[in-house]
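J.: Below, each chain spelled out in residue letters.
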Amino acid sequence: MAIEARNVTKRFGDFVALDDVSIAVESGSLTALLGPSGSGKSTLLRVIAGLETPDSGEVFISGHEATALAPQKRGVGFVFQHYAPFTHMTVWNNIAFGLTIRKRPKAEIGARVDELLELVQLKGLGKRYPAQLSGGQRQRMALARALAAEPEVLLLDEPFGALDARVRKELREWLLRLHDEMQVTTIFVTHDQEEALEVADAVVVMNNARVEQVAPPRELYDDPANPFVMSFVGPVNRIGEAWVRPRDIEITHEPTGPAREAQVERIVRLGFEVRVDLVRDDGERVHVQLTRNEAEVLELAPGDIVYVRTRRERVFSANGEPTRPVPA
Amino acid sequence: MIARYGSLAYLTAILVAPVSLIFWRAFEHGFHPFWAAISNPNAVHALKLTLEITVVVVPLNTAFGILCAVAIVRHRIPGMGLVNAFVDLPLALSPVVVGLALYLLYGRGGWFGDLGFQVLFALPAMVLATTFVSLPFVVREVVPVLREIGTQQEEAAATLGASSFTTFRRITFPAIRWAVAYGVVLTSARSLGEFGAVSIVSGGIAGRTQTLTQYVQASYENFDQTGAYAASVLLAALAVATLFLMTVVKRGDRSS
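As you go down the protein sequences, you meet chains A and B in turn.
For the first sequence, counting from 1, position 182 maps to 182 in the numbering used here; every step adds exactly one.
For the second sequence, counting from 1, position 252 maps to 252 in the numbering used here; every step adds exactly one.
In isolation and in its complexed conformation, chain A is listed as follows (with noise of 0.2 Å):
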């Protein structure tokens, strides 16, 4: 394990920021710690790099003990959310200064400098200062200045929390690809359980301070442990007991089997994506989500009385663990 959080806790006066929180992060995997805003995922963040001391637990990096460790000794890369750039400094300083302050040799920072502009493809400004950059280009300065003294570890705080969204999904291939080469230990904070699912091996859903469930993308998706995991990582139905997501509902011109009776209220096309609104017969209202082609095979009006039936729904018990997938 790279990175391992034992019943962390911490709080702020009364708020609670984190309570009992125990993680583990494999060597070289690319985590992401999912949550709404105060669920306590930077606070978390912030306990590993060493910038908020926990009330009670432990914290280990690479397998040692790194509790009371301060910032400077844990080897640790931070990618601040506003990016922290120093901006009375150049960018070839920023990027400079983990080396400048460990006084390595002048021409070893050079190389390395200038090989990391040309990785995080700022290459020829150098000369420039933050303030003289977008906001993409400065993210990327902030993640080249974090890698320059080669962390055993890179933390990233909402990296792309400030972007738009053309640049917030390049930035995200780009950050895949980059993990990919230099294979470092990442975890980075997000509140977009899309970016969560598309970049991360595994991903960390935390809400009210604790976690909620670890898994690999496609198991928190198909497999959530509970409720909240369930509506937070996708769109989600709820039919009495049941939790259904849109796409898991068909719909029908004809009865068959099980299926209710239901009135489309509305359509919205999004693109690729067609979501319908419809009530159902004993009153239930149901989101289905649906293909183009789908939609068009169906021909929907407002209006329309057609029939839905669900092909897969989860059924949680009292205490939030799930019982088994139901196929209707």
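Don't take every hint at face value.
[Claimed, not checked] Below, a sample of chain A positions facing chain B; criterion: calculated Cβ distance under 10 Å:
{"id": "1", "residue": "46"}
{"id": "2", "residue": "77"}
{"id": "3", "residue": "97"}
{"id": "4", "residue": "121"}
[Claimed, not checked] If you only want the chain A side, here are some residues facing chain B, beta carbon under 7 Å, derived:
{"id": "5", "residue": "51"}
{"id": "6", "residue": "86"}
{"id": "7", "residue": "88"}
{"id": "8", "residue": "92"}
{"id": "9", "residue": "98"}
{"id": "10", "residue": "101"}
{"id": "11", "residue": "129"}
Everything labelled a hint here was simulated from the structure, so no lab data went into it.
The beta-carbon is built from N, C-alpha and C at its ideal position, and this holds for glycine as well.
Could you slot chain B onto chain A? The hints should help.
T.: Frame of chain A, contents of chain B only:
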């Protein structure tokens, strides 16, 4: 319109007219009487003493001011709120009261009445009094800037391996340097012009413990009006020089 002319009239009446009058009176009979008045040995000594006090006080209050601002903004030490409130005391308290307090503390029978060297009526007491009255300026300039820059750059430096001292030298200080410079200018201006507290603890002996402000008063009381006006012009010139420095600092601040 009213705001513009109103404020101009106000400034003229309150500031420009009195200061111009001093200049006019000092040079009323030409440059020679003025020069004779300020090259008087007592005047020269007073100027030197004032500059000496300033040269000691400014570095003291700059170092303390930075430390104090960092402590107030960055460290959650219990009682720091009280320190924060106390820093403003010199602005609220009349300098005469400060002088009197020092007099009682270091005078015969005071807590520090016998330290083995002369404090009262000598340079140490004058430095203490001036340090007290000019204490808030660096703190007050640096605190808001430290708040504004936040802790993220410092945290980033720490995760990159920088010790607290390196972080201060390479990250924090460059970010607050213009605020420090501005505070230094204000501290200098306040030190040069200090009168109330110093006049109580210095003894005001001409040629020995008389500062420039005291020299002005003494000359005036002795009907040496030319001397008083000439020394005033000197003080005003020093003030103008610090004002000029302040503009330079402000320009530097904007460009960074």
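J.: Which of the listed hints are broken here?
T.: Numbers 4, 8 and 11, in rising order.
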